[in-house]
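Peer 1: Given next are the chains, with one letter for each unit.
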Amino acid sequence: MAEPIAVELAKKQKEIGVAEFFSRNRHLLGFDNKKKALMTTIKEAVDNSLDACEEAQILPEVSIEVIDMGNDRFRVIVEDNGPGIIKKQIPHIFARLLYGSKFFKLSQSRGQQGIGISASVLYAQLTTGKPAKIVSRISPKYPANYSELKIDIQNNRPDILNEKEVEWNKEHGTKIELELEGSYTAGPQSIDQYLKQTAIVNPHVTIIYTNPKAEQIIFPRATDILPKKVQEIKPHPYGVELGVLLDMLKFSEARTLRSFLQTEFSRVGGNTADEICKNAAVLPDAKPKEVSREMGEKLIHGIANTKIISPPTDCIAPIGQELLEKGLKKEVNAEFYTANTRPPSVYRGNPFIVEAGIAYGGQQSAEEPIRLLRFANRVPLLYQQGACAVTKASVQTQWRSYGLSQSQSSLPIGPVTLVVHICSVWVPFTSESKEAIAHYPEIIKEVKLALQECGRQLGIYIRKKKNVQYESKKRGYIETYIPYVSEALQELLKIKDSEKKNVETLLAEILEKTRGTIEAVEMENLEYDEEFAKIGKGDQDEETN
Amino acid sequence: MKKPTDVVTSMKNIAESVYTSILKKKQPELTMPLRALNNVKYDPKEGYFELLGKEKERTLTAGTIKTFAQTLKMMSLSKNLVETDDIASKREAYYISKNWGPARFNEQPESDAVMDDIEAMMEVNREQIGFIPEEKGGEIAGKLVVVDKDQDTGKELKIDCTKFGSGAYSIPISVEHLKFETDAKFILAIETAGMFQRLVKHNYWKKANCILISMGGVPTRACRRFIRRLADSKKIPVYVFTDGDPYGFGSIYRTLKAGSGNAAHINQFFCVPQAQFIGITPQDIVEYKLPTHPLKDVDVKKIKDLIKNDPFIKHYKPWQKALEEMAKMKVRAEQQALAKHGLNFVITDYLPKKLADQKSWLP
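As they're listed, the protein sequences go chains W and U.
In terms of this note's numbering, the first sequence is residues 1 to 545.
In terms of this note's numbering, the second sequence is residues 546 to 908.
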């Protein structure tokens, strides 16, 4: 008798390696096409560098070099002055997917999942077969380590091809060199644009960029003050899901449920812990390791029915209204700027802050939809604008009351650049490639409030400007008709030409007094840097998503 | 009424005051009486709507400079017309303004309004400042000889209004120079051309020894002035015959007798205080069982407005009663409704009976 088919099928059933999975689904990580792949690689490397520097409280200086190797191949070299990585960790960080420190903690950082840079290594390896070359040094007292790494795709383990100590002129820092298939274009979704926007929202960073045309662009830091060092926080009970809760219970060292709740969550003290247990109808001195799935579910229910104060918000560092405005002024030569930072708010137990800024008028087109620049934890979001919560909130805002024209469910039309920054200990992206923010009602609400505040300031300005225009129109009006008053008087009274001239002079004087005075409303923009603004503005059409 | 030289002087005075203000670096002002029903009073002794004191000021500001310039330019045009003894129709004046560059009028109503302002400012009739309306003055048939002048020779010209056959004599736009010869017993002013034609066709004027005048709706200023001068100089009564509706009472008859709000500054000359209303009254509708039409919303509104706001109606109880009665009946009747009783019923029965019975009239 033949074996059941299932036995045969079973021979083909095996675990799918995470690296294997991502090698087939590279679009999930932002490697959909050659252009985006190059962009994503640089973005991941820069994000990592900046996170590392800030964590070590070092003023970041990052250099990026993109070299065109021909045949759609590029060599990317990203070098920072960060704290460096100890020798043992280098292979894991660069050549193992889902490895890192950031996933396990709740704090505002650019990277979240620990996928980014290793995915780039994987992509480079898949498209050119070449290993990643890493140099890192942690202190002048230690040597610099050089490694050539590949990823063992089946096992998601690093494959070390070469490892040695090298001479390096840097006291500390990390350098990564990758060779990958890509394509380089100008335009709104270009590397140039990404780096520029990064400079706008990270005024403490110096970026030295050498593009494939071998042109070097330097974005010098505008301030020596690092963003406030962010605190790592424990999760807030409101954000926890059942599976996570059960895992936490399993690995907790607490002896009782009561102390588990107190030590593993933020904003839970003895009284709150008791109240949660009471509302969940479970015993506070139950052993965490013995909590069943049913009890876990009760606990979730109990948390929902307990009033718990919002999570602490010192764990997030917004850019701040002043620096945001300054950044905008550098990028856009407009006539009016305004920005504001919302107070912290919470979604699913995660604190977040929304900031928004507007640059109005100047050389911006009045007939096109406004330009929307989105940022999450100081990282520019260049793709998937349509899918983003920020876009949704912008569309739902009633811009007409602030002097812009807007048709139903679309962005307003007007000479406006709008910047929205969301920072949080955990930014909810719609996918791993971190391009769009998920539509949480709390986030949309906060974005709208920030936009409304910007809108109110804008509306005041636009109205003022209209008054000024009206006054200047009136001036022209007066000048048009004065000669006819004097002419009629001459005809009626037969006055001399000189007297007629006199009437005109006097009338202009009399009427000038009756006009409102023109208030100087236009701001002078000393921050504007024309060369800076040009960066990344190619003729390349925006890619449609 | 003001002589042409007075008109020119008064225009110069206004210009002079504007000029003086400017020299003193003050905002010049033009002042004119407010021409509206709420700025008139009715005194039966005077017999016309007299201006109350309300005035409209036009101060020269950035916002009013265009109208201000237009007003002065229009005055200059007017001065020119008066000095050269010429006239311009309202429409012509509008076209002349097309030479004024950006100060030109875009539509004729704008130039008409400025013209009205000037005549009010100077308290003259527009004909006196050289502007004439497009509208016809009214038509005359009957026992009247109008003494006019030949336009070229200036020789006296006698026009016999009995000799127009089935046609009629047209009242000219300016009637100030006309003289009259008549032995007619009364003047009958008629609202509609249709009724006028019927009476002319059957030589009613011969039978009744009267002068027939067709007003064709609300009487023009020339028509009012013509009837006034004729009635005054020959001391003959004036009877008015209109449709039995609020428009006939409140607009046609009232304007003929007491003047209008818009012409408040000159009503004194353009009204016929001796006019009497003989029909069609609401009472006639009942008595003669006339075919009627229901009152429209505008009619109801007009009745209410007349009772509440018209100084003339407010002065006469019988008019208020008549209007209230009509409002109750909710119907109106046209002059031609009399034809129900035969085409010549109006000649053989209605008019003789009405004229003989003063009690059936309205004041």
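Careful, some of the hints might be misleading.
[Stated by the list, open to error] With a cut-off of at most 30 Å between alpha-carbon atoms, the simulated BS3-like pairs for lysine-lysine come out as follows:
# : chain 1 : residue 1 : chain 2 : residue 2
1 : W       : Lys501    : U       : Lys571
2 : U       : Lys688    : W       : Lys494
3 : U       : Lys624    : W       : Lys496
4 : W       : Lys496    : U       : Lys611
5 : U       : Lys601    : W       : Lys494
Everything labelled a hint here was simulated from the structure, so no lab data went into it.
Peer 1: Taking the hints in turn, state whether each one holds.
Peer 2: Hints, verified against the model:
Annotation: proposed proximity of Lys501 (chain W) to Lys571 (chain U) holds, straight-line Cα distance about 17 Å (limit 30 Å). Only pairs whose Cα atoms come within 30 Å are accepted, and Lys688 (chain U) paired with Lys494 (chain W) is rejected, the gap being roughly 51 Å. Among the hinted pairs, Lys624 (chain U) with Lys496 (chain W) is consistent with the structure: their alpha-carbon atoms are about 18 Å apart, no more than 30 Å. Of the supplied pair hints, the one linking Lys496 (chain W) and Lys611 (chain U) holds, its CA atoms being roughly 23 Å apart against a limit of 30 Å.
Proposed proximity of Lys601 (chain U) and Lys494 (chain W) is supported: the alpha carbons are some 28 Å apart, at most 30 Å.
Comparing the model with each earlier hint shows a violation of hint 2 alone; every other hint is respected.
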